[in-house]
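Asks: Take each chain as given, in its own frame, and dock them per the hints.
In order, the protein sequences belong to chains L and B. Per my numbering, the very first residue in the first sequence carries number 1; after that it's consecutive. Per my numbering, the very first residue in the second sequence carries number 276; after that it's consecutive.
Warning: the hint list may mix true and false statements.
[To be verified] In silico SDA-like links for lysine to any residue, alpha-carbon gap of 25 Å or less:
#1 B/285 / L/181
#2 B/388 / B/845
#3 B/285 / L/128
#4 L/6 / B/771
[Unchecked claim] With the Cβ distance kept under 7 Å, some of the chain L side facing chain B (calculated, not the full set):
#5 60
#6 62
#7 71
#8 138
#9 140
#10 142
#11 178
No lab work stands behind these hints, which were simulated from the structure alone. We put the CB at the ideal spot given by N, CA and C, even for glycine.
If you want the building blocks of each chain, they are given just below.
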Amino acid sequence: MANKVKVLVLTGYGTNCETEMAHACTLGGADQVDIVHLSELLSGEYRLDDYHFLNLPGGFLDGDDLGAGQAGAHRFRYAEIENSGEKLQEQLLRFINDGKLIFGVCNGFQLMVKMGMLPGFANDHTDRQVSLTYNDSSRFEDRWVNLAVNDKSPCVFTKGLNSLYYPIRHGEGKFVAQDETTMQRLVDENLVALHYTTADSTKPTDQYPDNPNGSPHAIAGICDPSGRLFGLMPHPEAFLHRTNHPRWTREDLPEEGQGVALFRNAVDFIRANLL
Amino acid sequence: MLARIQVGLKPAFRDSFGETTCNRIKNDLHLPVDSVRTIKVFTVEADINDEQLKAAAVGPYSDPVTQDWSLGPLALDWDYDFDWLIEVGFRPGVTDNEGHTAAQALELMIGRKLNNEEAVYTSTQFLCKGTLSQDDVETIAKQGLANELIQYFNIINKEDFVKAGGFKPQSVKVIDNSQAVVAPIDLNISADELMRISKEGILALTLEEMKFIRDYLQRPDILEQRQKMGLSEKAADVELEALAQTWSEHCKHKIFAGNIEYEDLDAGTTETITSLFDTCIRQPTADIRAKMGDDDWCLSVFKDNAGVISFNDDWNVVFKVETHNSPSALDPYGGALTGIVGVNRDPFGTGMGAKLMCNTNMFCFATPFYDKAIPARLLHPKRIFEGVRTGVEHGGNKSGIPTVNGSLYFDDRYAGKPLVFCGTVGIMPTLMHGKPSEDKIALPGDIIVMTGGRIGKDGIHGATFSSEELNENSPATAVQIGDPITQKKMFDCLIKARDLGLYRCITDNGAGGLSSSVGEMGEFTNGFELHLDRCPLKYAGLQPWEIFLSEAQERMTLAVQPEKLEEFMNLCTKMDTEATVLGTFTDSGKFHCLYDGKTVAYLDMEFVYKALPPMEMQAKWQQKTWDEPTLPATPDLEAELTTMLGRLNICSKEYVVRQYDHEVQGASVVKPLTGAQNDGPSDAAVVRPVFDSFAGLVISHGVCPRYSDIDTYHMVAAAMDEAVRNAICVGGSMKVMAGLDNFCWCDPIQSEKTPDGHYKLAQLVRANRALAHYAKVYNVPPISGKDSMKNDYMMEGTKISIPPTLLFSVIAKIDDVRKAVTMDAKQAGDIVYVLGTTYNELGASEYAVEHGAIGNNVPVVREEDSLPRFHALEQAIADGLVASCHDCSDGGLGVALAETAFSGDLGMEIDLTKAPMEGIERDDVMLFSESQSRFVVTVQQNKAAAFEAVMADTGLGKLGTVTKEMTMKMSGLNGQAVMNADLGKIKAAWQATLDF
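Extracted from the complex, chain B is given alone in its bound form (with noise of 0.2 Å):
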């Protein structure tokens, strides 16, 4: 049967949903709709009776104290006055996570798994009353309550739906009778056409990548071999698939590993440079852990799917960041909630498998207030920032993961891409069998085991799709929805697998998929045999490439030995985890993939991921100069300061903070809000990994686009320094401290499309001998990270690219949580004090741009000044001199001074001329410049000498005291009171700007 099933909260039940969507239209798409009440649709085709089809209405679909139900149309029975009736649904075979969740609740009271003829649909009705026309009910449908990409509306007033007696019920199941074929693919043939195969099949080869492929196959041993297998010259569209997605710049990293002429016009040299990441950062790691030589704390760094470090003697760390943000420029929703289950799984997949025990984000966004034109493909960057920010939502709170630090950034350049960051970090034993847990290892003769959710045609072409600009081409299918429920139970077996000893090797699948997952496993024993015929499909009808690609979630990839087979598929059984027997790892130097027993790819190992060549590039460096703002003659210090307070990139984010759960775990100790009224900015993240023990991990990040416009050496150098000063801030130590470096760029190729390509690939150039640098003189090795190239969007000759962005994230050891720091004030009568000296460098500041104009003069690391400092604060917080610490970053000083005094419920009294100062000459510079490796620090009167002490020669400035009124009371260069201002309505300024 094919019936509809719909529930609604009843009448008498505040229907909050509706009345959040009713806000949303009113506030966002300025259309004058009254209410909206919401009704959920199950759309059941099963062969069930009538009786279960009630039933199933009666019992899981609906809750019989606070639901309605009704299998016609509900709307009509509640006799609910309404205009419009919008019904929205996913399109076919895009992940319905409740639909599934229905259909497993009636598997459960009729007693039999559905077959894959049946299944449960959802959709959802908004009941619309207002004076709305044809067009405007469309606007709400298409811009504020469906994506299209994969989401289909259907829209009726209410007059025609009691005509029509309400929707008639549909189905939207996959209906694909396609036979799988594997198409051979000439490759003798013009450059142009080859040109055009890689462009339409978005496999984003070079032509030269195209040649090579072409005659790798043409080689008479390699044809003889292939001609063996049923093979030809040709490539088996599997394999072009599978090269195109091993190849891409998204999963090969073709940019760090290439070789690059540098020359700086500047000073008129020029030097050859080999990958960038073998030199600037595989370097640094491996200088800094030769240097700490029996002291070396770093297990396992770059070669696994996260970066894994010693905890203690009986636990490691494990933490890795990945972006997602082409797909979430399509679908923020689906985007974001995958980024975040997807990079789970990189600790779950590393080494034999780490618990998961938190997680981080950093967003970079379009301001959500953009009133121009949305260029074509894009959605408003609000939409964007809802739908990223719930999609982590769900993501992180369903799996049980806290999100314990985080960040926004707002940039229109990120208006043709969001980038979306996401962090997580996992704990492992540091044995595992009487083994070190960070290693893992295939052999010969492993079975190859899928375990997780099933393959369908969702995120194909994500690898390749990511390694090109946003276009016209960007394909729908590369968006996904992640299922975190799925993934918990895959989770919680596999860790019980783990500790039974039942698999040998754990991976991924993330880009590419499977072809990803089990080829790079395959290099452990050289080879791999896999049957594309035996992975379990969402849906008929999927080619074998598309089988081998698809970068459906939720699943993990495992070499179990075949001595532990039963038992490893019992346990799956037991704990309702899916797993399918693929195929057998082997020594045979071959990729070997089979469909019905008949060979689709037979490639050399050594072709697929050794023999590329590396790429030749050209970077041309000339620093740029930029108008200076125009600061205003005598600044109201007061108004100057409330601005920068509500600037978007300083403004709480509070909004977006309550939402995530970040203490669940219990491990929580210093939380993302903190201070008198729990709503202070914290600087980093501290968590307790084990309760057995009050050591803890420091998690912390820095990231300022803004500085890429000047110099994208002193970007990454300044990401750096705010990463390890947030650390510090809480009380990390930097004797035990690592780094992840992420970076997004645009691309940085010269071509047509990318004229302005020497000087990008010089920025990247000069970003990543910051990182070389400053990870050596901080001793923070990157451990892993990941980069994304191509964070453009080109479309109708609108050109948008974002601006060169680091994230450096941090994460350090405390030894003793109950040492750890907060940032609000704590009490009265405590000395305030700034920590470094404050240079004139307003360059890409916040206040520059608010007043207009980006200036020249960026901030600068001094390492000399700050590593003292930061070890003497470092020390200052574990003898437990320091009340509270705070970071200058954003907003400089004068925010700093601001954030820390409100967050205590306190005020201050505060004379600049305290402060270590070169070059400053007017107030607004003073509390507004953004140099570096500076803090706010306020310590108890009877501690003030020994924290001198501690801290002395380092650059330190006794401002003032903190006080009991809420002020802030300062005196400025001149001796003159320069401002008395209430920090109440400061605090309201700096909590309004996303009080959404």
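So that you can see chain L by itself, here it is in the shape it has in the complex (with noise of 0.2 Å):
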């Protein structure tokens, strides 16, 4: 791979925010960003063994009509590389055990979460433990939160971070677990990487619309306990600059969005440690 960081952002079957997304990355320093169909995936034409870093937009997979990512995690876990009789699954899998990074955005998260990728403990990332739902406004909502940073969470893109404002864009995304033990241990072992908060505290918040959905704990975002897979519900790749801010004409904010920053230290990251 010659020392260049190398980025595959997947697109396909309803996923649409793959161009920002790519273009957050490139803010964020990769040397290739490469928008990649999942058909040109499965035809063997690109190959996730390539890249350092994936990245699962946010969109509507199947028209999440199963529930959010849920037909798209069993069109992953189906899915066979044409030719090879490789599923996509053990390359997803393969490119998990390198050390490699993966971030989910909104409907990517819903679809870690729902292949088993997150939260990944114990090195299982096919096991379903958590899952996204409706949010109790069961309404879908775009709406701009307020989110704090957890310091001690070994997660990769948040590193030296600390309040985050981005807009959230999603009808199901309450984060809910299998049973209290999962999500206590979730807290305990700080993969709880991001938190919804009011404007003026850093303390997760239960109180609507600063806590959007519902979570407990006022959960936006986990990762694994390696920190190399992330997911959150809020849109970083949707403020890559001050004018995409809501307030823009009415603030001073330095140029650059808020959201190139978790790209930056993904990028940072593999160039530290997996070139």
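Replies: Right under this line is the structure:
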């Protein structure tokens, strides 16, 4: 891979944030960013093995018809690479075991939990223990939210960051676990990398609309114990320039949007550890 | 096997959908329901074994973390307490997107495609607890949960449900064993019989048109050719249906193309107008383009599915707005969903094909609080509102296209037909394979390929039914439900095909289906040969004419050069997009369809597209006079302002806006909601289409239906003025500003049904004259548009006609999006200005209607004043002198001041005497008159002098200052304090009306 940070942004079957996600990777410092349609992975034209960083952008995989990301996860599980006998899932697990990075935003996060990639306890990335279900409001909403980073989290993406402000755009973003033990383990092991807050605090909030979906512990995003797999409901790739901020005409803001930082952290990690 | 898989959220999880449903039943139907829980049912009809069925339940159909599943009645497994169970599912043949996805998931699992006998159907169970009678439950099912046109429902009480052990699985397969036949129709019959055929067949053909077809078929030369093809002097049903569609008002725009004798009874003059479209829409654009000369930025106008203008050296922009009114009246969800995914295909099918960038919408409804009896076949306006809102939500969000701009307008005359305007902006490289991307042409020998969805009986007669009023015979088949994901998959594939140069020409399948798309593309080559039996069908039993006319969604038609066909088809297979070769474009001059090798339509292209003589119509104008409103002797201005802000046409639309993704694709710069709390009402959208440039696009619109009651000329003038000033508010430039006109009218043809047709047609003439005039005055060339002329409802002696409505949409450039301005006041101490003179123009205003009458002083656009102001304001914004800018529209200056202040979490101190005015003697008239071309602007103190210099002599009034405290302090025309209002309370009233 000759010292180049290579990123694959996956699209197809209803994904729709691939362009800005790819742009975010470029702004974050990646050397090569390819938007690849799922069919191009399955045909063997592109191989996950050739990349360091897999982005699973937002959208509506298969229309989210059986529940968000549900049919998509099923498709990933059964999909085979043409003429190789290899399953896509095997490629994915190899990618994870190679110490590479996966980032899921919104529908990408839903896909990760519904495939069992997250939370990934004991390096098991196929066991479904958590899910994302309907917002308490039972509505899809587009709304900017305040977020705080858990500085004890192993998450590679949020290293060194504190408060963030991104939009959520989802109808199924309420984070739930199969039982209280699982939920507590996520909290105890600091896998809750990101939570919703009010505008003037960094504490988790259960107040709507600051907590837009009713997630317990105000969970907005979680990582696996390695910190290299990260999923979140808010959209960092929607805030790449200050003019994306809803109040940029009334506030003094730095030129770069807050979303770029997560991608830069990922790229920096790859440069330091994978090249 | 035929089996049911039932899935529901585990009892420990909150069923928010059930809770919302419960609240809707309580609030909208006023029935005593205590709780509702929901269960999803998958009815699997497939040759699979028990293990596979169970695997489907465990796997794709349920979430192991949140859901329980059962192969029996889950409601009983749970031992859940309920009194009634209502199950709602789709009728046979109705698009069931979730069922479709469930079937695909099953296919992946069992490793084979399902055959035509196999399918998965979905339905939903609502478990209701409450003291409800059988009648109550039926009301809930009919008025709350199911639309019987497209859905069935079953009701059962718990006792019976337990006894029966749940519902038995039931297939909703379309079973139609009819054989394909082409019926010859004898047209050599009496006039009455001809009209009976037209009416009963929902052909919407006039007697003259029926005779015109008959005479053509009897011509000896034609007959001889037809006999050789196995046809006769009788029309084949395929032919008659195709002609009815092609010549329908919906597709042919006969009223806009016809000849009108226009008599102005007030002036005592009469004149003849040949084609309103040519003289009032096409001509002004041609004139403006001629004037621009080498700087002309219009690239393709009025000839393709959408208009195309230049954005920069690398990119072109494509814009189209459509309506989908009639289907939305019958099935608001499906109608609106189809409206948005349908208009998406217009930019996609323009030139060589555009990538879709953003959506816009505008809806006209009757009040959601409608409390009168609902006429036959109509739905309650709130149901229409909710259905349309949800349809556009699903269509836009699932397609990944942000909804950047929109509005709602309420008037009870939209109870008969709601108006659902949907628009889409696309972008394409200036050059595709070295040729201008806005051009396309099919060549003889090119292959006809259809891609995307399959054909069913959905949407048959959509074009012709939209060309009539809504009546007893309006067919349920006209309704379709869109499938955004199938379309998205197709678009992903076709964009690749475009970039690889794998097709020569592309168009969409909308009204009229293949008949329209293949026929219109065949005009490039002057003929086509289409094999209807090769079309992929959703189910068997379609007649050839139904295949030809079906408006089943998510389909594009392409002309593929023969040498690229294999590569094109391979790409489609790889990307999971169905593509089928259906025939060839020819230069035979013939409109030629075959079925199983036999000719079923054989007409001259010339006859189909060019021969129909123009319609002859009469219009008579006479100004109406209305009662003047009775204004309060001593108005309480705070109370009046609060009431005004709570009115439906002024109040916050946040409820709707929030549920639309308005920033996917990352291009959003000015969002629909803005200000200190992200809830102020933006005047227009600003987007930044490409990441490597700060140049942007401004998208706005104007609509003022109520002014039509007084004069449609001023209705159109005001709508255009509103669209232009909205665009200017955020920083749009009048140097590159294009318009789109969407006319929605009530039937303007004099007849027994429409005794005031002469007047309504005169309204149309006047509307068009205003369009022609102001397009040139403002240098805003219309580049595309559409008309929908039969927005009436007539049944059981009740007629409801919409007020004549023009939606004028604008797309403009902004050179640097970092210069964009929003409408919220920014900081205390800034100076508040009003730009533009206020006249006593309460005619048809929100304030007049609030006080019980229409009045007569309709707002008038005075271009000699407005144009210099618009240009100066554009300059001031580009120079960075403006802190906030908001236009004065419905509710006038008072509403604009209040919205500007509270959107910034700030207040104002205002002196009304400082406003430029003419003929104003009352404070309330000053505040609520709807004079056009006005703005409220705030400016930082240190920029005030520069701002005033730029705006000199354009009607500037320095009204006061922005204050920290959120109050509106105002002194009136007599110099006395007239208001000291808590803006927090006023904002709360503004937000309360549509807080569903």
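Asks: If you take the shortest Cβ to Cβ gap from residue 178 of chain L to chain B, is it below 7 Å?
Replies: With Cβ-Cβ at 5 Å, under 7 Å, it holds.
Asks: Are the Cα atoms of residue 388 of chain B and residue 845 of chain B separated by 25 Å or less?
Replies: holds, 18 Å
Asks: Minimum Cβ distance from residue 138 of chain L to chain B below 7 Å?
Replies: Holds: closest Cβ of chain B sits about 4 Å from residue 138 of chain L, inside 7 Å.
Asks: Please verify whether residue 6 of chain L and residue 771 of chain B have alpha carbons no more than 25 Å apart.
Replies: holds, 22 Å
Asks: Can residue 62 of chain L be said to touch chain B, with a Cβ gap under 7 Å?
Replies: holds, 5 Å
Asks: For residue 285 of chain B and residue 128 of chain L, compute the direct alpha-carbon distance and say whether it is at most 25 Å.
Replies: Holds, because 16 Å separates the two Cα atoms, which is no more than 25 Å.
Asks: Given the hinted pair residue 285 of chain B and residue 181 of chain L, is their alpha-carbon gap at most 25 Å?
Replies: holds, 17 Å
Asks: Closer than 7 Å between Cβ atoms is the bar; does residue 60 of chain L clear it against chain B? Give me holds or violated.
Replies: At about 4 Å, which falls below the 7 Å cut-off, the nearest Cβ of chain B leaves the hint on residue 60 of chain L intact, so it holds.
Asks: Does residue 142 of chain L pass the interface check with chain B, least Cβ-Cβ distance below 7 Å?
Replies: holds, 5 Å
Asks: May I ask you to test the interface hint for residue 71 of chain L with respect to chain B, counting a Cβ-Cβ separation under 7 Å as satisfied?
Replies: Hint holds; residue 71 of chain L Cβ to chain B Cβ min 5 Å, cut 7 Å.
Asks: If you take the shortest Cβ to Cβ gap from residue 140 of chain L to chain B, is it below 7 Å?
Replies: holds, 5 Å
Of the numbered hints stated above, none is contradicted by the structure.
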